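K.L.:
Got chain A sorted already, so can you dock chain B onto it with the hints?
So the protein lines, in turn, are chains A and B. Those letters in the first sequence? Residues 14 to 418, per the working numbering, in order. Those letters in the second sequence? Residues 14 to 418, per the working numbering, in order.
Careful: at least some of the hints might be erroneous.
Unchecked claim - Below, in silico cross-link-like pairs of lysine-lysine (BS3-like), each with a Cα-Cα straight-line distance of 30 Å or less: (1) A:K217 / B:K62; (2) A:K382 / A:K217; (3) B:K62 / A:K92.
Claimed, not checked - Here are some, though not all, of the chain B residues that point toward chain A, as calculated from beta-carbon distances under 8 Å: (4) S68; (5) L182; (6) S185; (7) N399.
No lab work stands behind these hints, which were simulated from the structure alone. In this text the structure is predicted, and so the values were computed from the model without any measurement. From the three backbone atoms N, C-alpha and C, an ideal C-beta is built for every residue, glycine too.
One letter stands for each residue in the lines below.
There are 2 protein chains.
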Amino acid sequence: MPNCIIAQSGGPTSVINSSVVGLIRANEEFKIFDKVYGGLNGIEGILNKNIIDLSQISSEDIDTFRLTPSSGLGSCRYKMKNIEESTEEYDRLLDILKSLDIKAFFYVGGNDSMDTTAKLGKYAKENGLDINFIGIPKTIDNDLMYTDHTPGFGSAANFISTAVLETYLDSSVYINNGIFIVETMGRDTGWLAASACTARYNGKPVADFIYLPEKAFNVEDFLCDVRAKFKEQNQVFIVASEGLKTEDGRFLSEMNVISQDNFGHSQLGGVGQHLRQLILDAGITTRVKALELGVLQRCAMHCASQIDIDEAFNAGYEALKYAADGHNGYMVAIKRESNSPYSTSFFLVEANKIANNVKYFPKEWINEKGNGVTEEAYEYFMPLLNGVPTLYRTNNVPQYKVFTK
Amino acid sequence: MPNCIIAQSGGPTSVINSSVVGLIRANEEFKIFDKVYGGLNGIEGILNKNIIDLSQISSEDIDTFRLTPSSGLGSCRYKMKNIEESTEEYDRLLDILKSLDIKAFFYVGGNDSMDTTAKLGKYAKENGLDINFIGIPKTIDNDLMYTDHTPGFGSAANFISTAVLETYLDSSVYINNGIFIVETMGRDTGWLAASACTARYNGKPVADFIYLPEKAFNVEDFLCDVRAKFKEQNQVFIVASEGLKTEDGRFLSEMNVISQDNFGHSQLGGVGQHLRQLILDAGITTRVKALELGVLQRCAMHCASQIDIDEAFNAGYEALKYAADGHNGYMVAIKRESNSPYSTSFFLVEANKIANNVKYFPKEWINEKGNGVTEEAYEYFMPLLNGVPTLYRTNNVPQYKVFTK
Numbered sequence: 014m015p016n017c018i019i020a021q022s023g024g025p026t027s028v029i030n031s032s033v034v035g036l037i038r039a040n041e042e043f044k045i046f047d048k049v050y051g052g053l054n055g056i057e058g059i060l061n062k063n064i065i066d067l068s069q070i071s072s073e074d075i076d077t078f079r080l081t082p083s084s085g086l087g088s089c090r091y092k093m094k095n096i097e098e099s100t101e102e103y104d105r106l107l108d109i110l111k112s113l114d115i116k117a118f119f120y121v122g123g124n125d126s127m128d129t130t131a132k133l134g135k136y137a138k139e140n141g142l143d144i145n146f147i148g149i150p151k152t153i154d155n156d157l158m159y160t161d162h163t164p165g166f167g168s169a170a171n172f173i174s175t176a177v178l179e180t181y182l183d184s185s186v187y188i189n190n191g192i193f194i195v196e197t198m199g200r201d202t203g204w205l206a207a208s209a210c211t212a213r214y215n216g217k218p219v220a221d222f223i224y225l226p227e228k229a230f231n232v233e234d235f236l237c238d239v240r241a242k243f244k245e246q247n248q249v250f251i252v253a254s255e256g257l258k259t260e261d262g263r264f265l266s267e268m269n270v271i272s273q274d275n276f277g278h279s280q281l282g283g284v285g286q287h288l289r290q291l292i293l294d295a296g297i298t299t300r301v302k303a304l305e306l307g308v309l310q311r312c313a314m315h316c317a318s319q320i321d322i323d324e325a326f327n328a329g330y331e332a333l334k335y336a337a338d339g340h341n342g343y344m345v346a347i348k349r350e351s352n353s354p355y356s357t358s359f360f361l362v363e364a365n366k367i368a369n370n371v372k373y374f375p376k377e378w379i380n381e382k383g384n385g386v387t388e389e390a391y392e393y394f395m396p397l398l399n400g401v402p403t404l405y406r407t408n409n410v411p412q413y414k415v416f417t418k
Numbered sequence: 014m015p016n017c018i019i020a021q022s023g024g025p026t027s028v029i030n031s032s033v034v035g036l037i038r039a040n041e042e043f044k045i046f047d048k049v050y051g052g053l054n055g056i057e058g059i060l061n062k063n064i065i066d067l068s069q070i071s072s073e074d075i076d077t078f079r080l081t082p083s084s085g086l087g088s089c090r091y092k093m094k095n096i097e098e099s100t101e102e103y104d105r106l107l108d109i110l111k112s113l114d115i116k117a118f119f120y121v122g123g124n125d126s127m128d129t130t131a132k133l134g135k136y137a138k139e140n141g142l143d144i145n146f147i148g149i150p151k152t153i154d155n156d157l158m159y160t161d162h163t164p165g166f167g168s169a170a171n172f173i174s175t176a177v178l179e180t181y182l183d184s185s186v187y188i189n190n191g192i193f194i195v196e197t198m199g200r201d202t203g204w205l206a207a208s209a210c211t212a213r214y215n216g217k218p219v220a221d222f223i224y225l226p227e228k229a230f231n232v233e234d235f236l237c238d239v240r241a242k243f244k245e246q247n248q249v250f251i252v253a254s255e256g257l258k259t260e261d262g263r264f265l266s267e268m269n270v271i272s273q274d275n276f277g278h279s280q281l282g283g284v285g286q287h288l289r290q291l292i293l294d295a296g297i298t299t300r301v302k303a304l305e306l307g308v309l310q311r312c313a314m315h316c317a318s319q320i321d322i323d324e325a326f327n328a329g330y331e332a333l334k335y336a337a338d339g340h341n342g343y344m345v346a347i348k349r350e351s352n353s354p355y356s357t358s359f360f361l362v363e364a365n366k367i368a369n370n371v372k373y374f375p376k377e378w379i380n381e382k383g384n385g386v387t388e389e390a391y392e393y394f395m396p397l398l399n400g401v402p403t404l405y406r407t408n409n410v411p412q413y414k415v416f417t418k
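Pulled out of the complex, with its shape left as it was, chain A reads as follows (with noise of 0.2 Å):
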């Protein structure tokens, strides 16, 4: 029998070993390779020889494994040139994986992976090879286009919607409260702070405004809106996205320093930092505070959502019987089947028509001020984020289990 490889390539999120253990479970279950092969550090590892076996490990480790946040094979940045500059890597990557008869590969990964992937199915099937090249999707910012949405965001999403609630409630317990900024990632899309819309107290979203990069930042509208709702509450609660741009498409993020400390270091803030510095300089209220959540919304695997990591693992399952089916050079894609209840079903993207494309959030799911997003918008991603893990313990906290420590 021949083999199979795995490997995760760009940022990480909390669900993406669960899709290297679907793909694991099931080859366990149809035995259509001998061997699932990791390659650690994506592309660049693989290039290295850096490669275990993962049929070898215990099942026990796979299951931990499975809920690890962070890509527990490594990650890479790794850009493969264009076939018609130079042949040498693809020829060097297809060498070692004939070495290893390995008959499929699979890439777990966002828009760059893709594109990878789709380079290397067209040079494979060009040169007669038999490797099936298949890509699993996988990033919080649920940019990808024709799929759903993405395995990683729900949890995000998930981690999002419940730090925007507890922060809400803790920044709101004196008499005079101040303004409160809640910075998601997503340097090009609002997804994740869209997903702010589902942190709801007494069933009404806890965030007055959310800014999205898809709508325009206009510092006069902005500040419009805070001060006329912080004269009729006394309260703000802000969430907005790293990404947000001007009308002449720069980002706010890159327009900021906003103070120098004592050795003449400049202090560089988010936008988060930006739109408080806005406030106070417009002299709304002296209490306003920004927090960046920062890393966390793509590692808080005690915060993910059990959807989200069983789409993760279904995509890894489903990409096996693919590859065995002889495909190549896809994408494997999420649809929606139904909202209420929620199901879901896969399909397969041609590679090539994922990369190097965005999502955007829809421009009819952003309300008519563009300050904040519809309930259809809600209605999408409430069923995304049902369920918390339960994670093994050791000593008191959650036990981790990578392949590159």
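P.N.:
Same frame as chain A, but now just chain B:
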């Protein structure tokens, strides 16, 4: 039957409401008081007669409230004048309590709240009033004297531990990783930062260095630590307290003073960014990131410690019994009876001994180089992190209940 009242003060924690519920449940059991009133927004709200009857709340809402972060009765940072200056507020407050036939007053808070408790207890006694004032400890900072630890700390430590482990894994996925800095709260003491020593992978602490306010920060030593470790493992993981100070007592972040609260406490931030800039300026690497955990440390109920929730509950429960026994002007404190198996008991400390006092992280638990903590510290922290709560959920997000919204 007379009544009692409970109120919350100072910064929120994840378990401050659990203490209120412990008191309510104890009163249901022992039937000491007719009604348990809740003073909204602490002393400040009570002086405005902003008082609710907690005995009338449904048991279901009380259960939800128990697992709700933030001060669900509202909080204040109100400092009463010294009795020598003016007794006007004292008289007004006692008149309000008398009008409601209140015979016991419970204040859940930290040092400042124990100051208030002590003053009120003393004034009541001096004026022959039959009202007992009992303090219930609460602070994530763990900086109250005499008590082994404070309710609220274990949950903050649990979140820090988990977040440190998860961000460590997240920051370790590439072949060339960088330097990651996690900034914890802890203006005066290093308990929170030190608790990061519980974050372990394969039994080994993931933080290479932990810097505490109890040890003067030396830039040269810091850069020497970081440079050597980076050379050794091409990756460094640092945990730093927001309260780091130089030899001459200046806060590293004092250039970032945002505002001062009514007690004259400076609001600090930005130590992580400051350390990042030091590393960049020293040319060790350009790959340096800093993450401020911020208020999530005190409100991340989704990652709270069940032991902490239970101890907070029991502190409220015991407080009621102590008041019934006629004690006045005391704070309920925790004694650690045994570490393994972990067990505790409660006792009373005079509130004025707690007020305006600080329990520092023990110097003997800081390692020789001043850049980490000892295994004794680990043994102290570990039992405080036991278990996470199962939260009530509505529409896939945690269901919380406060009485100020």
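K.L.:
All the hints need checking, so say for each whether the structure fits it.
P.N.:
Each hint tested on the structure:
{"no.": "1", "hint": "A:K217 / B:K62", "in the structure": "28 Å, holds"}
{"no.": "2", "hint": "A:K382 / A:K217", "in the structure": "18 Å, holds"}
{"no.": "3", "hint": "B:K62 / A:K92", "in the structure": "66 Å, violated"}
{"no.": "4", "hint": "S68", "in the structure": "22 Å, violated"}
{"no.": "5", "hint": "L182", "in the structure": "4 Å, holds"}
{"no.": "6", "hint": "S185", "in the structure": "7 Å, holds"}
{"no.": "7", "hint": "N399", "in the structure": "5 Å, holds"}
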